[in-house]
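Following the hints, put chain B in place on chain A, whose structure we already have.
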Amino acid sequence: MTRLLKALFVLSASVAMAAEPVTLKLGSLAPRESPWGQVLRAWVKAVKEKTQGAVVIEVFWNATQGDEAAQMSKLKTGQLDGAVVTGVGLSLVDPTVNVLQVPGLYTDWAQLDRVRTALSPRFEANFDQQGYVLVGWGDVGLDRWMSKGFALAAPSDFKGKRPWVWREEALLPAVYQAATVVPVATGVPEVLPELSTGNVNALSISALGAEQLQWASRLDHVSATIVAPNIGGLVLSKAKLDALPKEHRAIVVETGKLTCQALTTRIRAEDEKAFERLKGKMTVVTPTPEQAAQWKALYAEARARLAKGTLPAALLQEVETLLK
Amino acid sequence: MRPLLCLCAILGASCLDRIILDGTVKSTRDAASAFDTLSDLEVARTGAASSLVQLEGMQKLAPDNEDALYLLTQSWAGFAGAFIEDEWEAAVDRGDDDAEAQQAKRARDAYERALKFGTLLLEQKRPGFVAAQRNADTMKTYLAGYTAKADAESLLWVGAAWLSRGSVASEDPAVVADLFVGVALLERAVELDEGIAYGTALAALGAYHARSPDAELAEAKRLFERALTLTNRGALTVQLLYAQSWACNAHDKAAYEALLKEVLDAGDVLPAQRLENTVAKKKAVRYLGPARLKRCGF
Numbered sequence: 008m009t010r011l012l013k014a015l016f017v018l019s020a021s022v023a024m025a026a027e028p029v030t031l032k033l034g035s036l037a038p039r040e041s042p043w044g045q046v047l048r049a050w051v052k053a054v055k056e057k058t059q060g061a062v063v064i065e066v067f068w069n070a071t072q073g074d075e076a077a078q079m080s081k082l083k084t085g086q087l088d089g090a091v092v093t094g095v096g097l098s099l100v101d102p103t104v105n106v107l108q109v110p111g112l113y114t115d116w117a118q119l120d121r122v123r124t125a126l127s128p129r130f131e132a133n134f135d136q137q138g139y140v141l142v143g144w145g146d147v148g149l150d151r152w153m154s155k156g157f158a159l160a161a162p163s164d165f166k167g168k169r170p171w172v173w174r175e176e177a178l179l180p181a182v183y184q185a186a187t188v189v190p191v192a193t194g195v196p197e198v199l200p201e202l203s204t205g206n207v208n209a210l211s212i213s214a215l216g217a218e219q220l221q222w223a224s225r226l227d228h229v230s231a232t233i234v235a236p237n238i239g240g241l242v243l244s245k246a247k248l249d250a251l252p253k254e255h256r257a258i259v260v261e262t263g264k265l266t267c268q269a270l271t272t273r274i275r276a277e278d279e280k281a282f283e284r285l286k287g288k289m290t291v292v293t294p295t296p297e298q299a300a301q302w303k304a305l306y307a308e309a310r311a312r313l314a315k316g317t318l319p320a321a322l323l324q325e326v327e328t329l330l331k
Numbered sequence: 006m007r008p009l010l011c012l013c014a015i016l017g018a019s020c021l022d023r024i025i026l027d028g029t030v031k032s033t034r035d036a037a038s039a040f041d042t043l044s045d046l047e048v049a050r051t052g053a054a055s056s057l058v059q060l061e062g063m064q065k066l067a068p069d070n071e072d073a074l075y076l077l078t079q080s081w082a083g084f085a086g087a088f089i090e091d092e093w094e095a096a097v098d099r100g101d102d103d104a105e106a107q108q109a110k111r112a113r114d115a116y117e118r119a120l121k122f123g124t125l126l127l128e129q130k131r132p133g134f135v136a137a138q139r140n141a142d143t144m145k146t147y148l149a150g151y152t153a154k155a156d157a158e159s160l161l162w163v164g165a166a167w168l169s170r171g172s173v174a175s176e177d178p179a180v181v182a183d184l185f186v187g188v189a190l191l192e193r194a195v196e197l198d199e200g201i202a203y204g205t206a207l208a209a210l211g212a213y214h215a216r217s218p219d220a221e222l223a224e225a226k227r228l229f230e231r232a233l234t235l236t237n238r239g240a241l242t243v244q245l246l247y248a249q250s251w252a253c254n255a256h257d258k259a260a261y262e263a264l265l266k267e268v269l270d271a272g273d274v275l276p277a278q279r280l281e282n283t284v285a286k287k288k289a290v291r292y293l294g295p296a297r298l299k300r301c302g303f
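Note that the protein sequences, when read in sequence, are chains A and B. This note's numbering runs 7 ahead of the 1-based position in the first sequence. This note's numbering runs 5 ahead of the 1-based position in the second sequence.
Looking at chain A on its own, in the form it has when it is part of the complex:
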C-alpha cells in the first residue's frame, strides 16, 4: 500500500509538473491596445496554442516594468525574461546597434534592410555573448525633422531655435554640436508642455511617433527627407530559452521572428500613413539641392564626431561602404 501511495505521489507530482506552464515575462512600453500590442498579443496566443499551454508569454504593457533602461536591467537580473524595446533598450546591450540609426546615413527602409541584413549576425553574436537572444527587429518609424513656426530647410535654420534631444539619445547631440546649436535636453514627458510653451520648437521623430505622443498637433512643418530610421527589437533571456524543451524553444523563437516581421510590416505601413496625414496638415519642407548638400556635410561632420567614441570608426566606415 505504501509503495502504491508513493507511486501515486510521484505520478501526481509529475503530472502537476507537466501541467504547470513555463511563463516568459516580457516588458514593453507599448499599451496593450496599441498597434504594437495587437501584434504581440497574436504572438502570445500563438505560443500558447502551439505549445498546448506549456509555455505562456506574459506581457507587462505600458511600461509597468519601468522605462527601457529599467526593463533591460530587470532582464539582466532575471526579473524579466524578455523585452520589446526601441534602439535605446537595444543599445544598452550592444551600443553598436546605434550604427543602424546614424543621422544622414539612410534615405529609406531598403538601405536599412541592406545594412541590417549584413550586420545582424554580428549583433546577434554580441547579444548572445551577454546572455541574450536577439529574436528579431521591429522598427519604430523613419525620423524626420519637424518644427513649429519655421521651416527647417537647411542646417543654418537651427540658428536661434530650440531643438529638442532626448536625454538618453546618443546620436543626435553630435548633429547639434556640428550645427553649433544648443539643444533642449529633457525626458519624453516634458516635450508636450515644452512644445506648447515654445521652449522647444524643433525635433527629429517619426510621423507615427509624433502622432502617438501627441506632439504632431503642436508642430506645423515636416521634412520630406528622413534623418534616420528608428529601430527596435525583441530580446529574450538565453538562460530562460535554454531551459525550455527544444521543441518549445523552437516554437517561441520561430513565432517570435514572425512576430517581428509582422511588427516591421505593420509599423512601417502605419508610419507611412501617418506621414501622409501629416503632409495634409503641415507644410512639407523639401530641401533644395544646395540645402541637401549642406545637410550632407553636417551629417558627415556629426559622423566624424560619433567616430571619436560613440561608435567604432571602422564600423561606421563599413556601413558607409555597404551603402555605396
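Source of the hints: derived by calculation from the structure; they are not laboratory data. Keep in mind it's a predicted model, so treat the numbers as computed, not measured. One or more hints might be untrue.
To be verified - Here are the computed lysine-lysine pairs in the PhoX-like style, where the Cα-Cα straight-line distance is at most 20 Å:
{"#": "1", "chain 1": "A", "residue 1": "K52", "chain 2": "B", "residue 2": "K299"}
{"#": "2", "chain 1": "A", "residue 1": "K32", "chain 2": "B", "residue 2": "K266"}
{"#": "3", "chain 1": "A", "residue 1": "K253", "chain 2": "A", "residue 2": "K57"}
Unchecked claim - Covered stretches of chain B, as calculated for chain A (at least 3 residues, CB under 8 Å):
{"#": "4", "region": "32-44"}
{"#": "5", "region": "131-143"}
{"#": "6", "region": "221-235"}
From the three backbone atoms N, C-alpha and C, an ideal C-beta is built for every residue, glycine too.
Okay, now just chain B, sitting in the frame of chain A:
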C-alpha cells in the same frame, strides 16, 4: 409664439408639427437631469437605449434642432461610457478576445455616432469646426469664438466623446493622432465653466494627461485634485478616473487602492449624480480585481 403660429397657419400643418417637436425636445433636455438620479442600472440602461432611439427619430424630423443634436451627443457618449465600455472591460478581464473586439467596436461606433451629432451641433453653432482640426493652434483659434458659459456643455460632451473614442480605438493611429481636438474642446469647456458637469471635463482632461507613464502625470494630478475640490469628493467618477489613469500609470498602488476604496465606501453622497456614482462603484469593484491590478503592474 403668436406670430409664429400665424405663419404656421399660412404654411400648413407640418409647421405646427415642428413647433410641437421642438417643444418636446426642449422639454426632454430640460428634464434630462432626472435621469442622473436613478440608481438602478438595469432601468437606466433600458431607459437610455429607448431614449436614444426616440431622439434619433426626433432628430431626423428636426435635423437642425440644437437640443436634439446636443442630447444625442451626450446620450450616445454616456451610453457607451456607462454600459458598452463596461462589457468591453469585462471581456478584456476574462481574456475573451472575440467579445473584446466586438464590444470595442460597439463602443467605437457609439462614440462615432456621438461625434457625428456633435460635429453637426458645433458646425451649426459656429461653422469651421471641421476645418479647424488641422492642429492645436487652429483649434484653439476656432474655440475662442465660444464665449458663453452655456457653450461649455456642448464642448464638454463632444470633447468627452472624442477622447473616449480614443480609449476604445487606440489600435488605430489615426484616432490617437487626433486626440488633441478632444483635449482642446475640454480645455475650452473648463475655461468657460471650470466645474461643469461635476468636474467631468477636468477629470477627462486629467485622464488624458495620465494616458501613459511617460505622459504629463503632474498636470493630470493637478486637474484631478482640482476636480475633487470642486465636487467636494462627491462625484465618484473623478476618484475612479484618478485611480484608473493617474495612480495606475504613476505606479502608485496605495493611491490606487485608496481612491477606489473611497468610491466603494461612499454612500449616496450626491443624489444629483446617483447614476454616475452607481456606475463608478460597479467599475471600482472591477478595478480592484486581479486582472486590473495586474494591468497596472501591481
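Outcome, coverage of the region 221-235 of chain B by chain A - at least 3 residues whose beta-carbon is closer than 8 Å to one in that chain: This one holds; 3 residues, not fewer than the three required, reach chain A with a Cβ under 8 Å.
Pair hint outcome, K253(A) versus K57(A) [Cα-Cα no greater than 20 Å]: Holds, at about 13 Å.
Claimed coverage, the region 131-143 of chain B by chain A - three or more beta carbons nearer than 8 Å: holds (count 4)
Verdict on chain A covering the region 32-44 of chain B, where coverage means 3 or more residues with a C-beta closer than 8 Å: With 0 residues closer than 8 Å to chain A, the region 32-44 of chain B misses the three-residue bar; violated.
Pair hint K52(A) and K299(B), alpha-carbon separation not exceeding 20 Å: Roughly 18 Å separates the two Cα atoms, so the pair holds.
K32(A) paired with K266(B) [C-alpha distance capped at 20 Å]: violated, 30 Å
The structure fails hints 2 and 4 (numbered hints given earlier, in ascending order).
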